[in-house]
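K.L.:
So the sequence lines, in the order shown, correspond to chains A and B. One point on numbering: in our numbering, the residue at position 61 of the first sequence is 61, and numbering is uninterrupted. One point on numbering: in our numbering, the residue at position 70 of the second sequence is 70, and numbering is uninterrupted.
One or more hints might be untrue.
[Stated by the list, open to error] List time: in silico DSS-like cross-link candidates among lysine-lysine, alpha-carbon distance up to 25 Å: (1) B:57 x B:17; (2) A:57 x B:17; (3) A:96 x A:65; (4) A:71 x A:57; (5) A:65 x B:100; (6) A:96 x B:100; (7) A:57 x A:69; (8) A:18 x A:96; (9) B:71 x B:57; (10) B:100 x B:1; (11) A:71 x B:100; (12) A:96 x A:69; (13) B:100 x A:69; (14) B:17 x B:100; (15) A:65 x A:17; (16) A:17 x A:69; (17) A:69 x A:18; (18) A:96 x A:57; (19) A:18 x A:57; (20) A:96 x B:57; (21) B:100 x A:57.
Calculated from the structure, these hints are not laboratory results.
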Amino acid sequence: EAQVTQNPRYLITVTGKKLTVTCSQNMNHEYMSWYRQDPGLGLRQIYYSMNVEVTDKGDVPEGYKVSRKEKRNFPLILESPSPNQTSLYFCASSLKAGGVSNQPQHFGDGTRLSIL
Amino acid sequence: KNQVEQSPQSLIILEGKNCTLQCNYTVSPFSNLRWYKQDTGRGPVSLTIMTFSENTKSNGRYTATLDADTKQSSLHITASQLSDSASYICVVSVLQGAQKLVFGQGTRLTINP
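Sequences are here, hints too, so could you generate the full structure?
P.N.:
Right, dumping it as structure tokens:
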């Protein structure tokens, strides 16, 4: 089954304790992206990757890191989490990057992070 | 500034009724417009994608329209079902090198029996 898998689905942790949220897709997609979703703000892009070893900042990259060493994986790293990073996070992928692409983005089911 | 505004913020209708959700955008240059359905606790799922030249696109009981001149889109749901209860998100893609999507805040639709 074609899917985007995120782990963990839920995490409660404390300020400053490094954490990684994994994202994996099995569709051989080139483009992958991370978003955060907050009430009243909609989905905002954190980082994206157009292909292996190619990553770039989205709209709200502060406090986050990513890497794309393999095509299927795109982990999100919070080196020193803070309470303002408490949010619902989504990973997404699509076949091709590019604004002209009419390919839909496939989303994971989300990771709810609580930073105390 | 690229923006996508959706209305209403929330809507409650009875099962079997029709409804229309609105999306206005100020995105340039425009590439395409997408509607997503997001069930509670799940990721968004694509319903339709429309390019500049497409006025209407259907996916089952969902019909999206696009007026590129007025920069408006609507999502019409026919004969609503309880499973249609969800948030519906309008997303506009910007025509640039990397894929840039501008998200609306969504309309929360509740279908009551």
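K.L.:
Does each hint fit the structure? Answer for all of them.
P.N.:
Hint check results:
Restraint check for residue 57 of chain B and residue 17 of chain B: satisfied, since their Cα atoms lie roughly 20 Å apart, inside the 25 Å limit. Simply put, residue 57 of chain A and residue 17 of chain B have alpha-carbon atoms about 43 Å apart, too far for the 25 Å limit, and the pair is violated. Of the supplied pair hints, the one linking residue 96 of chain A and residue 65 of chain A holds, its CA atoms being roughly 22 Å apart against a limit of 25 Å. Among the hinted pairs, residue 71 of chain A with residue 57 of chain A is consistent with the structure: their alpha-carbon atoms are about 18 Å apart, no more than 25 Å.
Our distance criterion of 25 Å between C-alpha atoms is met by residue 65 of chain A and residue 100 of chain B, whose separation comes to about 19 Å. Proposed proximity of residue 96 of chain A and residue 100 of chain B is supported: the alpha carbons are some 12 Å apart, at most 25 Å. At most 25 Å may separate the alpha-carbon atoms for a hinted pair to count; residue 57 of chain A and residue 69 of chain A meet this at roughly 17 Å. With a C-alpha separation of about 31 Å, the suggested pairing of residue 18 of chain A with residue 96 of chain A is violated against the 25 Å cut-off.
Between the alpha carbons of residue 71 of chain B and residue 57 of chain B the distance comes to roughly 16 Å, so the proposed pair stays at or under 25 Å and holds. Restraint check: the Cα-Cα separation between residue 100 of chain B and residue 1 of chain B comes to about 13 Å, which is no more than 25 Å; the hinted pair holds. Only pairs whose Cα atoms come within 25 Å are accepted, and residue 71 of chain A paired with residue 100 of chain B is accepted, the gap being roughly 20 Å. Proximity of residue 96 of chain A to residue 69 of chain A is assessed by CA-CA distance (about 17 Å); at most 25 Å being required, the pair is judged to hold.
Of the pairs offered as hints, the one joining residue 100 of chain B and residue 69 of chain A holds, with about 22 Å between alpha carbons and a cut-off of 25 Å not exceeded. This hinted pair does not check out: residue 17 of chain B and residue 100 of chain B have alpha carbons roughly 35 Å apart, beyond 25 Å. For the suggested pair residue 65 of chain A and residue 17 of chain A, the alpha carbons sit about 14 Å apart, so the restraint of at most 25 Å is met. Between residue 17 of chain A and residue 69 of chain A the alpha-carbon distance is near 23 Å, which keeps this suggested pair within the 25 Å criterion.
At most 25 Å may separate the alpha-carbon atoms for a hinted pair to count; residue 69 of chain A and residue 18 of chain A meet this at roughly 20 Å. Annotation: proposed proximity of residue 96 of chain A to residue 57 of chain A holds, straight-line Cα distance about 18 Å (limit 25 Å). Restraint check for residue 18 of chain A and residue 57 of chain A: satisfied, since their Cα atoms lie roughly 20 Å apart, inside the 25 Å limit. Our distance criterion of 25 Å between C-alpha atoms is met by residue 96 of chain A and residue 57 of chain B, whose separation comes to about 22 Å.
Simply put, residue 100 of chain B and residue 57 of chain A have alpha-carbon atoms about 11 Å apart, close enough for the 25 Å limit, and the pair holds.
Hints 2, 8 and 14 from the earlier list are contradicted by this structure; the remaining hints agree with it.
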